[in-house]
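A.B. asks: What follows is each chain in one-letter form.
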Amino acid sequence: MSTKVLVITGAGGVGKTTLSAALAVTAARKGISTCVVTVDPARRLADALGVERLGNHPTEVKNQPGLAAAMLDVTASWEAMVHRHAEPETAQRLLADPFFRALADRFPAAQAYAAGEQMAEHIESHRWDLLVVDTPPAGGGLDFYTAPGRMQEVIGGRLLRWLTGASLPGRRALYKVTARPALKLADAVLGGPLLEEIADFLIDLRSLYDGLSRRASAIELHLRRATSIVVTTAEPTPLREARRFFEELEATSGRPETVVFNKQLPAGWTDTKNLRSAEITQETRVAARENLTRWASEVRRQHDVKQEFAARYDLNLVDVPWAESAPTSVDALADLLTESPDLLRHLP
Amino acid sequence: MLDRKLTFVSGKGGVGKSAVTASLALLAARRGLRVLVVGMVEGIGVASHLATEELSYSPRRIRSGLDALAVNRTDALDEYFRLQLHVPRAAPTKVLSRSLSVLAETAPGVREIVTIGKPVFELWQGRYDLVLVDAPPLGQLFSYLRAPNTIAELVPAGPIRNQAGRMRRALLDIETTSLLLVTTPDELPVLETKDALDQLAAEPVIDLAGVATNRVLPELSLTADEIATLPDGPHRAAAAHHDAVRTQQQRWMPQISAGPRLPYLFGLHTAGEVAERLADIWDELI
Chain A
6 MSTKVLVITG AGGVGKTTLS AALAVTAARK GISTCVVTVD PARRLADALG
56 VERLGNHPTE VKNQPGLAAA MLDVTASWEA MVHRHAEPET AQRLLADPFF
106 RALADRFPAA QAYAAGEQMA EHIESHRWDL LVVDTPPAGG GLDFYTAPGR
156 MQEVIGGRLL RWLTGASLPG RRALYKVTAR PALKLADAVL GGPLLEEIAD
206 FLIDLRSLYD GLSRRASAIE LHLRRATSIV VTTAEPTPLR EARRFFEELE
256 ATSGRPETVV FNKQLPAGWT DTKNLRSAEI TQETRVAARE NLTRWASEVR
306 RQHDVKQEFA ARYDLNLVDV PWAESAPTSV DALADLLTES PDLLRHLP
Chain B
175 MLDRKLTFVS GKGGVGKSAV TASLALLAAR RGLRVLVVGM VEGIGVASHL
225 ATEELSYSPR RIRSGLDALA VNRTDALDEY FRLQLHVPRA APTKVLSRSL
275 SVLAETAPGV REIVTIGKPV FELWQGRYDL VLVDAPPLGQ LFSYLRAPNT
325 IAELVPAGPI RNQAGRMRRA LLDIETTSLL LVTTPDELPV LETKDALDQL
375 AAEPVIDLAG VATNRVLPEL SLTADEIATL PDGPHRAAAA HHDAVRTQQQ
425 RWMPQISAGP RLPYLFGLHT AGEVAERLAD IWDELI
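Chains as they are written, first to last, in the numbering used here: chain A, 6 to 353; chain B, 175 to 460.
Hint data in this document are derived by calculation from the structure and do not stem from the laboratory.
There could be a bad hint or two in this list.
[Claimed, not checked] Below, simulated SDA-like cross-link-like pairs (lysine to any residue); rule was C-alpha separation at most 25 Å, straight line:
(1) A:268 - B:418
(2) A:311 - A:248
(3) A:278 - B:393
(4) A:189 - B:256
(5) B:368 - B:347
(6) B:368 - A:328
(7) A:311 - B:218
[Stated by the list, open to error] Short, incomplete list of chain A residues facing chain B, as computed with Cβ under 7 Å:
(8) 196
(9) 274
(10) 280
(11) 282
(12) 300
(13) 303
(14) 330
(15) 331
Positions of the beta carbon are idealized from the N, C-alpha and C atoms, including for glycine.
Throw the hints in and build the complete structure from the sequences for me.
C.D. replies: So, in structure tokens, the structure goes:
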């Protein structure tokens, strides 16, 4: 079974996770066997899907036949990666190393890379027709595409070469004679055995390189084959992040096929004139006009923002209406996309 | 909001923290203070709200009394080692200078202290009455605020540790330093803000100036019954929409203690307009 992959990216707070779930529910209802991988979903969304706890391992969604869901667990992903690519002894040393923890916990590319690993694993399991991947918001979602390359760089020993000045940093014995005494000297200035420890850590990290490098190339290939959907709203911050997809990414890897504008208002609201009804009071009429006038200015702003965006990148945009309250059931999730048929054409 | 010399502004991504930072700076400058705005991890957001081009590491004059800069790691690292650790530019060995960069990339806390060090350094320089920082979003904020403690756990003695101690004291000094959180009255921002408040209570690394709630919808002067009497069409739909969104907002707003409330701004096209309007609103609030 070959799996179609939809990668949903965009800035934090634009409704990516909810839209990913909505797409997945809609697909499952069309009889497409689907798995959705989310990043840190709100309690409410987990409730809506009827799942109590999600982890890297997909679980069946009770409320929706044909749908499975998983949630990215960065720490577990990193542990699995180290065990896969390193000798047992090195793996133990690495997992206990504070520098390694720092790399896995805080390096934004590390989280994005772990998400990519999960995606690859689910694709290669061939269990589903459709995989919907909700991505970490770091770098406006761009990190998800650049992480495999950046991980290769970090683990490939660039830092180690730089630190030790050696061309073959993998050779522990050579390092002990050449670089270590110099690092000791530097540490004496800084006040702790920092650099020595970092060098030891980087040597261990480098042993992951061959395995991780092959994996990173596989992930990049999956990403090139995936359909990229960027979610934004008409607000300045998410729009700026959405633009970066067109300005910073190579056309081959992740140029979005569709940009979704979430929280859109009906175009018809600019018609503020006609309000004829015998049954309403003058005060009601004035209040209703005043309110519609405010919202009409928002409709015009959204319209202008979208026009400029579509013209600049020669794109089809998909509107998703502003949902007043968060969906609390699979039915409500499916309802979100009933007015956005252009988005559903991406389903297999 | 303007009474501490150094104020960090943070919040969940997308709630408008750059707009709030810029608007407070505009107001302070209008009131005659010498103000510096610092874009800590990404300067472009606050730059657009100040209606200026991308910022650089050296302060740029935006208008009378108002300068702005953006931290970039290379310059910040250089400044950190030269001016704060007093490592001379021509470092004793080639290995040392290379090592310092690797240190900043790898050691937990070093990259963060270098970045958060810039606004604190500007405070120490004393050239401004007020330093307003467009800080990283909530998800990353604590790794920066905790950086001095992280370094103290890692380095037993020496200049890095001593500098971290000075930074820690500066962040904790309630006379000069505070944190302003921004949220919107929506579920996820409110829940994330509550988590941050809990974290601050458990580990008080900085004094909280307050929580500002942004994009609060005004009261609708129509009751549900009156909305129901409107004929089918945009007037009724917009009224029902406003009512429904506002009801949700009223549900989430009480979950965090009352702070300044900034209204939803309808139909403003540019980031600069938004910040100017917010500055007018702050002017009535503080």
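A.B. asks: Determine for every hint whether it applies to the structure shown.
C.D. replies: Hint check results:
As the CA atoms of residue 268 of chain A and residue 418 of chain B are separated by approximately 14 Å, the hinted pair is consistent with the 25 Å bound. Of the supplied pair hints, the one linking residue 311 of chain A and residue 248 of chain A holds, its CA atoms being roughly 12 Å apart against a limit of 25 Å. About 22 Å separates the Cα atoms of residue 278 of chain A and residue 393 of chain B, which keeps this hinted pair within 25 Å; it holds. Distance restraint check for residue 189 of chain A and residue 256 of chain B: the Cα-Cα separation of roughly 21 Å lies within the 25 Å cut-off, and the hinted pair is therefore satisfied.
For the suggested pair residue 368 of chain B and residue 347 of chain B, the alpha carbons sit about 23 Å apart, so the restraint of at most 25 Å is met. For the suggested pair residue 368 of chain B and residue 328 of chain A, the alpha carbons sit about 24 Å apart, so the restraint of at most 25 Å is met. At most 25 Å may separate the alpha-carbon atoms for a hinted pair to count; residue 311 of chain A and residue 218 of chain B meet this at roughly 21 Å. Interface restraint check for residue 196 of chain A: the shortest CB-CB distance to chain B comes to about 1 Å, inside 7 Å, so the restraint holds.
Using the Cβ-Cβ criterion of 7 Å, the hint placing residue 274 of chain A at the interface with chain B is satisfied: the shortest such distance is roughly 5 Å. Taking 7 Å as the C-beta cut-off, the interface hint given for residue 280 of chain A holds, the closest approach to chain B being about 5 Å. A least Cβ separation of about 4 Å between residue 282 of chain A and chain B falls short of the 7 Å threshold, and the interface hint therefore holds. The closest approach between the C-beta of residue 300 of chain A and any C-beta of chain B is roughly 4 Å, which is under the 7 Å cut-off, so the hint is satisfied.
For residue 303 of chain A, the interface hint holds, the least distance from its beta-carbon to any beta-carbon of chain B being 5 Å, beneath 7 Å. Interface hint status for residue 330 of chain A: upheld, as the beta-carbon distance to the closest one in chain B is roughly 6 Å, under 7 Å. Satisfaction of the interface hint for residue 331 of chain A is found here, the shortest Cβ-Cβ separation to chain B being roughly 6 Å, below the 7 Å cut-off.
Violation of the numbered hints given earlier is absent; every hint is satisfied by the structure.
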